[in-house]
Amino acid sequence: MIGSMKKVQAILNKPLVPVLFFLGGVTYDSLTLTRIDGLFDNLLLLLYVSLLGTLIILTGRIQMGQLWGPHPIASTPWWTIPNLLRRAQPYYVPALQFLFGGLFSAYAIVYFQSASWNTSAIFLGVVVIMLIANEFLRNRLSSLKLLVMLYALVTFSFFTFFLPVLTGIMNTGMFVMGAVLSAAVVLRVVYLTFQGVANQSAWSPILTSLPAIGMVGILTSFYFLNWIPPVPLSLKFAGMYHKVEKSHGTYQLTFEEGSWYQFWKRSDDIFRGEGPVYCFTSVFAPVSLDTTIYHHWQYRPSRSEDDQNERPFSTTDRIPIKISGGREEGYRSYTVKQRVMPGEWRVDVETEDGRLISRVAFQVEEEETPEMETITY
Numbered sequence: 000m001i002g003s004m005k006k007v008q009a010i011l012n013k014p015l016v017p018v019l020f021f022l023g024g025v026t027y028d029s030l031t032l033t034r035i036d037g038l039f040d041n042l043l044l045l046l047y048v049s050l051l052g053t054l055i056i057l058t059g060r061i062q063m064g065q066l067w068g069p070h071p072i073a074s075t076p077w078w079t080i081p082n083l084l085r086r087a088q089p090y091y092v093p094a095l096q097f098l099f100g101g102l103f104s105a106y107a108i109v110y111f112q113s114a115s116w117n118t119s120a121i122f123l124g125v126v127v128i129m130l131i132a133n134e135f136l137r138n139r140l141s142s143l144k145l146l147v148m149l150y151a152l153v154t155f156s157f158f159t160f161f162l163p164v165l166t167g168i169m170n171t172g173m174f175v176m177g178a179v180l181s182a183a184v185v186l187r188v189v190y191l192t193f194q195g196v197a198n199q200s201a202w203s204p205i206l207t208s209l210p211a212i213g214m215v216g217i218l219t220s221f222y223f224l225n226w227i228p229p230v231p232l233s234l235k236f237a238g239m240y241h242k243v244e245k246s247h248g249t250y251q252l253t254f255e256e257g258s259w260y261q262f263w264k265r266s267d268d269i270f271r272g273e274g275p276v277y278c279f280t281s282v283f284a285p286v287s288l289d290t291t292i293y294h295h296w297q298y299r300p301s302r303s304e305d306d307q308n309e310r311p312f313s314t315t316d317r318i319p320i321k322i323s324g325g326r327e328e329g330y331r332s333y334t335v336k337q338r339v340m341p342g343e344w345r346v347d348v349e350t351e352d353g354r355l356i357s358r359v360a361f362q363v364e365e366e367e368t369p370e371m372e373t374i375t376y
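Mapping to numbering that gives the first Met the number 0: the sequence shown position 217 is 216, numbers consecutive.
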C-alpha cells in the first residue's frame with residue numbers, strides 16, 4: 000500500500016499532470032454542459048462548489064495541524080475518516096485544479112453565450128484569465144487567502160445565474176441576494192477552517208476573508224456598471240429586415256440579397272430605403288423565467304467630412320417585449336419602425352434594468368431596394 004501511494008505521489012508531481020487535471024475539468028464541462036437551466040448541469044456545478052469548499056477547509060486545517068499529527072494514525076482502521084483524509088492528501092491540489100478548471104470552463108461557456116462584448120468584456124476577461132491561470136496555480140493553491148478569494152469568485156459567478164433559474168425572478172434584488180449569499184458561504188468556509196484553532200491570532204479569519212469580500216464587492220460594482228452579462232438570458236439570433244411575417248409557427252424574414260461572395264449574409268447590415276424596418280430577435284430564457292426585454296432603437300446622423308466631432312446616439316424608441324422561457328432556440332419576437340432616416344442606427348436588446356443582451360447595428364441609405372431574399376426562422 001505504501002509503495003503504491005509513493006508511486007501515485009511521484010506521478011502527481013510530474014509537470015504535465017496538473018495540466019491534464021485542468022484540461023480534464025474543461026473537457027468534461029464542455030461535453031456535458033447543455034442548458035443553463037438543466038437540472039443535472041446545475042446540480043453538477045453545485046456539487047463542484049460544495050466539494051471545493053470542503054477541500055479548502057481541509058487544506059487550511061492541514062496547514063494549521065488540526066486534522067492529524069505528523070505520523071500516520073496506526074491505532075485506527077484504514078477506512079476511518081481521518082485515515083482516508085490523510086491518504087487522500089496527495090490528491091488535494093490536483094482535485095482543486097480539476098474543480099476550479101471545471102467551474103471556470105462552465106462559467107466561460109455560460110457567460111460567453113449571454114455576453115455582449117460592448118459591455119461585458121471586463122468580467123469575461125476575469126473568467127477567462129482565471130480559466131487559463133488555473134493551469135499555473137499549482138504551487139500557489141496552498142495559499143489559504145488565494146483559495147478563499149478564488150472561491151468567492153466561483154460562488155459569486157454560480158449564484159448570479161443559479162438564483163434566477165431557481166426562482167424565475169431576474170432583477171437587481173435577486174442579484175444582490177446572490178452576492179450576499181456568496182459572501183455568507185465564503186465566510187462560513189473561513190469560519191469552519193479556523194474553528195477550534197488555538198494557536199492562531201483572532202485576526203487570522205478576518206485577514207483571510209478580506210480579499211474574498213473585496214472580490215465580491217468589486218464584482219457587485221461590475222453589475223451596476225453593466226459589466227456582467229445578463230445571465231441566464233442569451234441571444235440566439237438577431238437581425239434587421241425589410242419584412243417579417245409569421246406563418247404556421249415560423250417567421251419569414253426578408254432581406255436584401257447579398258453579392259455572390261456574401262454567402263454568410265442573413266440580414267440587412269445596410270438598409271436601403273425609408274422603411275419600414277424590422278428588428279427580429281430570438282432570446283433564450285430558462286423554463287421558469289418570464290420577463291420583459293426591450294428593443295432600444297437609437298439613431299445618429301452620418302458624420303460629414305467637415306464635422307470632426309462624432310455625435311452620440313439618441314433614443315427614438317424603447318419598446319417592451321414580454322418573453323417566456325423554455326424554447327431551446329429562444330423566444331422569437333420583433334419590433335418595427337415605419338420610417339427611418341439615413342444615418343447610423345442600432346437596436347440594443349436590453350433587460351428591464353438596462354443590461355445589454357446584444358446590439359444590432361445597421362446603416363440606412365437612401366437608395367432604392369434591390370432584389371430581396373427570404374429565410375425561415
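Read the hints as simulated data drawn from the structure, not as lab findings. Bear in mind the structure is a predicted one, so any value in this text is a computation, not a measurement. Here a beta-carbon is modelled for each residue, glycine too, at the ideal position from N, C-alpha and C. One or more of the hints may lead you astray.
[Stated by the list, open to error] The calculated lysine-lysine pairs, modelled on DSSO-like cross-linking and capped at a C-alpha distance of 30 Å, are:
#: 1; residue 1: K336; residue 2: K245
#: 2; residue 1: K242; residue 2: K321
#: 3; residue 1: K235; residue 2: K144
#: 4; residue 1: K235; residue 2: K264
#: 5; residue 1: K336; residue 2: K264
#: 6; residue 1: K264; residue 2: K242
#: 7; residue 1: K245; residue 2: K264
#: 8; residue 1: K144; residue 2: K245
#: 9; residue 1: K235; residue 2: K245
#: 10; residue 1: K245; residue 2: K321
#: 11; residue 1: K321; residue 2: K336
#: 12; residue 1: K144; residue 2: K242
#: 13; residue 1: K264; residue 2: K144
[To be verified] If you anchor each label on the Cβ, the simulated ranges turn out as follows:
#: 14; residue 1: T315; residue 2: L50; range: 49 to 55 Å
#: 15; residue 1: M340; residue 2: M173; range: 38 to 44 Å
#: 16; residue 1: L224; residue 2: E327; range: 29 to 35 Å
#: 17; residue 1: G342; residue 2: R317; range: 14 to 20 Å
#: 18; residue 1: R317; residue 2: A87; range: 45 to 51 Å
Now for the hints, and whether the structure bears them out:
no.: 1; hint: K336 <-> K245; in the structure: 17 Å, holds
no.: 2; hint: K242 <-> K321; in the structure: 21 Å, holds
no.: 3; hint: K235 <-> K144; in the structure: 39 Å, violated
no.: 4; hint: K235 <-> K264; in the structure: 16 Å, holds
no.: 5; hint: K336 <-> K264; in the structure: 22 Å, holds
no.: 6; hint: K264 <-> K242; in the structure: 16 Å, holds
no.: 7; hint: K245 <-> K264; in the structure: 21 Å, holds
no.: 8; hint: K144 <-> K245; in the structure: 56 Å, violated
no.: 9; hint: K235 <-> K245; in the structure: 18 Å, holds
no.: 10; hint: K245 <-> K321; in the structure: 17 Å, holds
no.: 11; hint: K321 <-> K336; in the structure: 18 Å, holds
no.: 12; hint: K144 <-> K242; in the structure: 57 Å, violated
no.: 13; hint: K264 <-> K144; in the structure: 50 Å, violated
no.: 14; hint: T315 <-> L50: 49 to 55 Å; in the structure: 51 Å, holds
no.: 15; hint: M340 <-> M173: 38 to 44 Å; in the structure: 39 Å, holds
no.: 16; hint: L224 <-> E327: 29 to 35 Å; in the structure: 32 Å, holds
no.: 17; hint: G342 <-> R317: 14 to 20 Å; in the structure: 19 Å, holds
no.: 18; hint: R317 <-> A87: 45 to 51 Å; in the structure: 56 Å, violated
In terms of the numbered hints stated before, the structure departs from hints 3, 8, 12, 13, 18, listed from lowest to highest.
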